[in-house]
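Residue numbers (the working numbering), protein chains in the order written: chain X, 9 to 559; chain S, 2 to 254.
Just so you know, these hints were derived from the structure itself, not from any lab. These numbers come from a predicted model, not from an experiment. There could be a bad hint or two in this list.
Claimed, not checked - Computed cross-link-like contacts, DSS-like style, restricted to lysine-lysine with a CA-CA straight-line distance of at most 27 Å: (1) 173/S <-> 139/S; (2) 128/X <-> 32/X; (3) 167/S <-> 25/X; (4) 415/X <-> 153/S; (5) 25/X <-> 128/X; (6) 415/X <-> 32/X; (7) 415/X <-> 345/X; (8) 32/X <-> 136/S; (9) 25/X <-> 139/S; (10) 128/X <-> 167/S; (11) 25/X <-> 135/X; (12) 136/S <-> 167/S; (13) 173/S <-> 225/S; (14) 69/S <-> 153/S; (15) 153/S <-> 139/S; (16) 153/S <-> 173/S; (17) 32/X <-> 139/S; (18) 128/X <-> 69/S; (19) 128/X <-> 139/S; (20) 167/S <-> 139/S; (21) 153/S <-> 167/S; (22) 14/S <-> 69/S.
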Amino acid sequence: MRALAYLQLRLFVNSIKHIARSPKRLIPAILLAVFVLPSLLMNLAIAVMGVPRYGSYGHKEYLEGLQAEALWSGVFALLALVVVYTLYNALSEGLLIFSASHIDFVFPSPVNRRVVLIFKLLGDYSKYAMYAGFVFLFVIPPFFGMAGGPVFPAALYCWLGTVFLLILATNVSHTLNIATTYTASRFSAAGAVVRTAILALVAATVLAGIYHYRQSGDALASLVASVYAGAARVILAPVSWCANLIVGPLTGQTAGAVLLVAALGLLAIASALVLLARPENFYEPSLGISGRMARLKAAGGNLAALRIEAMKRRRNASYSRSPVPPFGRGASALIWKNLVTRTRASRSTLAILFLLPPLLAAAVGYFAREPEIQRFSPFAMVYVVWIVSSASQQELRSEFRQVDIIKAIPASGFSVVAAQVFSQWLLVAVLTIVGALSVLVFIPGADHYFLGIATLGSLTIGFVCIAASSVPVLLYPDARDKWQLLIPTWITMIVLALVIGPSAVICAVLAVFRVNLAIIALSLIAINTALSWGALAISGRLFERFDPTAD
Amino acid sequence: MALDIQNLTKYYKTTLAVDEVSISVADGEIVGLLGPNGAGKTTIMRCVTGIVQATHGEILVDGLSLRKREQDVKRRLAFVPEVPNPYEMLTVVEHLRFAAMAYDTEPIFDSRHEELLRRFELHDRRNDLVLSLSKGMKQKLAIICAFMHDAKVLLFDEPLIGIDPKGVRELKDMIVEARANGCAILIGTHMLDTAERLCDRIVILRQGRKIAEGDLDDLQERAKMGEDATLEDVFLTLTEVDTADEGPGVPSA
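Chain S with its partners taken away, still in its complex shape (with noise of 0.2 Å):
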């Protein structure tokens, strides 16, 4: 398994946000992250890129484990953030040089980067600073530091909010020609369409918990619904729950 999150337990002081929470991702293929708010995505994507650290559980990348080998973990991520806050006081190219920098991939950095600003249509904007770029063009910024370094595991969360048509076009055909380049790629999102067309796996959260895991037609049986049921449906189904039951949830920081 390229990435495979076992028994992941986190607690914000007193708060459950992730319960025992197992997920794994081959090589490969496309496992889509899905829940309500404050299910517990963005704090799972934190505890897998070391920004925060599990409670419980063990998180291996590539068979390393991030606790013991953390920064070879690391290099083998790539993480694009839900609303994503490139510095603003660097240029374009000058934000992809650091990136490349990071990660110690700077022989790669100069058909890399080129190559990217024109797919995602940031050539004409590689002098100017992050501060003028509009709130999607950042957001595209963010995803092109992300395939700067040849990472075998892709973290994306909510990556195509604010991305126009064209960016979430070619953003797709990347994540695609990722997993046909062996990635693994786990993807926390709310677009439900996009991500019954795009991927492998569905993980649905609720409260911090897994409740269904599996392909669409695994999602169908397990709400017990039919074939013809859309993965909204399904979701809907099956992440309704009593107020009663609803938890305070954790607010993404």
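Extracted from the complex, chain X is given alone in its bound form (with noise of 0.2 Å):
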């Protein structure tokens, strides 16, 4: 016991001595603190001291327009997903995750293995607690306001039932986990039978509601019929006391709550004491998932092997054949292994590029047939292309993580960072592309002026926004810090908002003036090519000078 109380303390200490070391880490851990802090102690004191920062409406107006039921449903429905999620995961591999190192020093130890539960459990308890409260004790507390109930016990109440009802699906998950997973388990037949039963429950219930939904046409009536008045509220009716407690104070009943939260604090100290009695060595059956999870922390953020650690969990790591022919010299040869690996290793995200386009544009053409809409309609494109872009962040970042193989390839900087942002945009420009047929043929009422110029746009700001991304990731190279990747983000989104701003104005004043469509290309062109140019010269140079495990 003593023990892991010391490596605990001192892993605690530790921590924060080293974020506030190094500047790197401790400026993002200030400005979080500054930025976050302000607003989260002020909703406190709304929770504490119960006065409504918007004005109170009471009840009735406040939930006008909102069936109490319906609402009822909707917080029962997430929670029993979670829960029962959590369930179902239990019974097909292990599931509690002990570090590398536990499983190295403190497994093989004299230490006492319920006593590692304990502290494990405690832990995962105490982030439970962390992450409710933040919710309900910081996020809700003004709707709790504005629907004039009391703020500050019915706040207390919905952060005690949502934690001790986490703890509770928690302690019976690693119990059927422990007991039914378990190599030597007589139980593995019951955990295939309680598998079949959760799914059977989740079934009947989504049935149910399309039944409803197709008698009735109401998706709130129908969710309401299929939760509310269904079997599901029963079975899980420890999540129905928690959606009680959580609607209650909107709802302004709230009788009974002490009752409703000393029924789940009792559930959750019964089903902790049943799991620490089971017999099992539950080192086994966690070694697998954690074995899984440190290989992914070492990957730190490196998007490359996180994939590959998905293809070997679906069992086809192996491939004959190269599903792109060779290409290139130098750093160009770059552009080919990312597509090999892309085109390998990711390959349900291309099948989103080919397919998530024309079932948007589909569904545009088919639902929103306001000509208004139709006609502007391609300036989505430049949106998503845009979000797309912004997030290729985390792409460049894992790339550049190979660092002993690109550094070693003879050529300069400027073109191993322009040979990794072209492989990257080379699936903008597809999606770009797809996006633009797919206007084209289901979007009738597009203009397709409009589509030259967001095509044309998307095309070029994807790949300004890219090279634009690889200066934040060279400066802030180490994706295993997480306080680093604060820092990167920020930055991204400023550059990506300036870099996007001459394309804009070119696009916006250009068209007003229906400006021919090649003049316009000639401009993006020439101002993206500029910045890419800039972005690309000063990424090189950071590259040249880079080195992913300084610290």
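Taking the hints as your guide, dock the two standalone chains into a single complex.
Written out as structure tokens, the structure reads:
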């Protein structure tokens, strides 16, 4: 017991020191505190003092237009999904995740296995308390205040109720997991039965909802019919108690809240005792999942490594033939390498690239029949491309982590970075072209002139955004350090807002005057080429003195 | 026998990793556990340390059953994993203190850790976070942790990989010293020359089964080879299998 307490204390203290000693970690931590803390404290004050910040409307006015039953059903469905998903997972593979260090240094030690489990559970419970506390003590209280109900005890009950529910679900899951996935388990057949029962419950609930929707055509009423009046409410009674606690302050039905919290608390404690009484060696079922988590952590945001891990799980890690014929020399060979790995390891992403735009365009064409929406719909493409381009930061980061390979390539920093950016951009280009064709085919009211501008804009903006993203990636390369990730994310947001500015101005001004598409294209290409060149030049220089392992 | 593994069988779900293996290590004896990748060496070590539970069979340490007296057995064991993952957010000395606390040997902590840190040349790094150590230094740290208490049975899974020559020499010396002090030592390794020089007895595994056991003379005889044959020659002959005979193997987690 003392050894684990010492371990946890030192790990915590050293983590704080580690943050405080490095400006790269300390500055984002301070900025985060400066931005987030005041608003959290203000909400906490509301929770404690019960002073509605936005004025109180009373339950009736506040809930006007909202059905209390539908609100309850929504909350119940959300909580039930979390609980059912946790229980279902518990019956398929290891659930207890320990650090690789624990496996190497605690598992073989004489520290009592139950003590190890207690520390693990206490760590998990405190996380639940923190997350639920964030929601129910900092975020929700203003809503309770607006509903005119008592803020302080209600928020506290919600918090406690949710934490107890999560603890209960965790304990039951771990118990099922240890008892049914353990190698020599006598209960593996029982696990299969429980898993089938869970699937049956979910299927019955969904089917009841669909059936009701076909009868009534009212989505909210169907949700209520399948959840509020369904069997799930009875079977998952603790979930419904928690939903009562959360919705009660909004509907004014808070009587009996203490009893519900007490009942959930008792169940949480009882389930913990049952779990701790299990005789099985839970170390073993945790090995596989812990090992996988350790590898993912070691990958440190390396998306290629994450994909390979996913491929291993699908057991299709070996491929005999490259899907893309070899091409390129020096840095340009990186483009081929990136294409090969992406086509192998990201097939679902590629499928989305080809399927999502037509589906979205078809949906817009079918459902959004207003002429103005259809006319301006091509510009949605620019927005999507901008978002996708900004997300490429993660891809670039994972590529730059292969430093032993890419720094050894006999090419300039500019060429290497340009090759990486171009590889990412190819996907954006495919997305743009598929999107443009989809709009052309499925949205008859789309303005073709706007479509041309949006396509050219998307292609050039995509490239400049990815090129600009590479600068913060190379400034803050260590993806394993979550504090370092905050600053580049903020810088990226600012940089992307800046680099898209000239394109937006050009497109807006020239489109108003219906200037020839070729002129717009030339203008976009000129300005974005200049911007991209500048970004790549900076990134190239950064890359030449780049060390992803430097602190 | 300090360590007595009797008819150990281990299944991972439906995969047979270790099949009816019996190994015993006497006080003051070093036994080498050899075998190709996936032969079951790491699984045997993990079974002995209680990380995984044997499907069948019995493990006795100092006459105590692992199944019945797990904590007492673990107190008598020390284990160095193949690729150790020490706690990166502890300093070197904190890590050793944690090891001492886990094995309840704090009274000897001060004298023991200073000496071991000096022997493995980690003394200057004693207050550095493990995060800043190289791979080899982390391996040394795991070895020092294993020597922080007076274990009756030492288990090493590829202990020499990644350590500098001075560290290798130091570890070999410590293993020999431990043998002289009556420790039973089981070493899983691929380094056949080291095993040949260091071990009193060799156990060779293939596909989870024990295929040979004894000193070099016994193994030469088993492989029908002359006395000039090295352990490498013997090992390669004994572990040679037809491709069709090759099982799936169990990768180390």
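Cross-check of the supplied hints:
At roughly 17 Å between alpha-carbon atoms, residue 173/S and residue 139/S fall within 27 Å of each other, so this suggested pair holds. Using a Cα cut-off of 27 Å, the hinted pair residue 128/X and residue 32/X is violated, with the two alpha carbons roughly 30 Å apart. Restraint check for residue 167/S and residue 25/X: not satisfied, since their Cα atoms lie roughly 33 Å apart, outside the 27 Å limit. Distance check on the hinted pair: residue 415/X and residue 153/S sit about 49 Å apart at the alpha-carbon level, beyond 27 Å; violated.
For the hint linking residue 25/X to residue 128/X, the alpha-carbon distance of about 23 Å falls within 27 Å, and the restraint holds. Only pairs whose Cα atoms come within 27 Å are accepted, and residue 415/X paired with residue 32/X is accepted, the gap being roughly 24 Å. Our distance criterion of 27 Å between C-alpha atoms is met by residue 415/X and residue 345/X, whose separation comes to about 15 Å. Pair hint residue 32/X plus residue 136/S holds up; C-alpha atoms about 25 Å apart against a cutoff of 27 Å.
Taking the CA atoms of residue 25/X and residue 139/S, the gap is near 21 Å; set against the 27 Å cutoff, the hint holds. Proposed proximity of residue 128/X and residue 167/S is contradicted: the alpha carbons are some 39 Å apart, above 27 Å. The hinted pair formed by residue 25/X and residue 135/X meets the criterion: a straight-line CA distance of about 21 Å does not exceed 27 Å. For a cut-off of 27 Å, the pair hint linking residue 136/S to residue 167/S stands: about 15 Å separates their Cα positions.
For a cut-off of 27 Å, the pair hint linking residue 173/S to residue 225/S is broken: about 30 Å separates their Cα positions. Restraint check for residue 69/S and residue 153/S: the C-alpha separation of about 18 Å stays at or below 27 Å, so the hint holds. Proposed proximity of residue 153/S and residue 139/S is supported: the alpha carbons are some 23 Å apart, at most 27 Å. A threshold of 27 Å between alpha carbons decides the hint, and for residue 153/S with residue 173/S the separation of about 17 Å falls inside it, so the pair holds.
Between residue 32/X and residue 139/S the alpha-carbon distance is near 25 Å, which keeps this suggested pair within the 27 Å criterion. Among the hinted pairs, residue 128/X with residue 69/S is consistent with the structure: their alpha-carbon atoms are about 24 Å apart, no more than 27 Å. For the hint pairing residue 128/X with residue 139/S, the CA-to-CA distance comes to about 25 Å; that is within 27 Å, so the pair holds. Only pairs whose Cα atoms come within 27 Å are accepted, and residue 167/S paired with residue 139/S is accepted, the gap being roughly 15 Å.
Distance restraint check for residue 153/S and residue 167/S: the Cα-Cα separation of roughly 25 Å lies within the 27 Å cut-off, and the hinted pair is therefore satisfied. About 24 Å separates the Cα atoms of residue 14/S and residue 69/S, which keeps this hinted pair within 27 Å; it holds.
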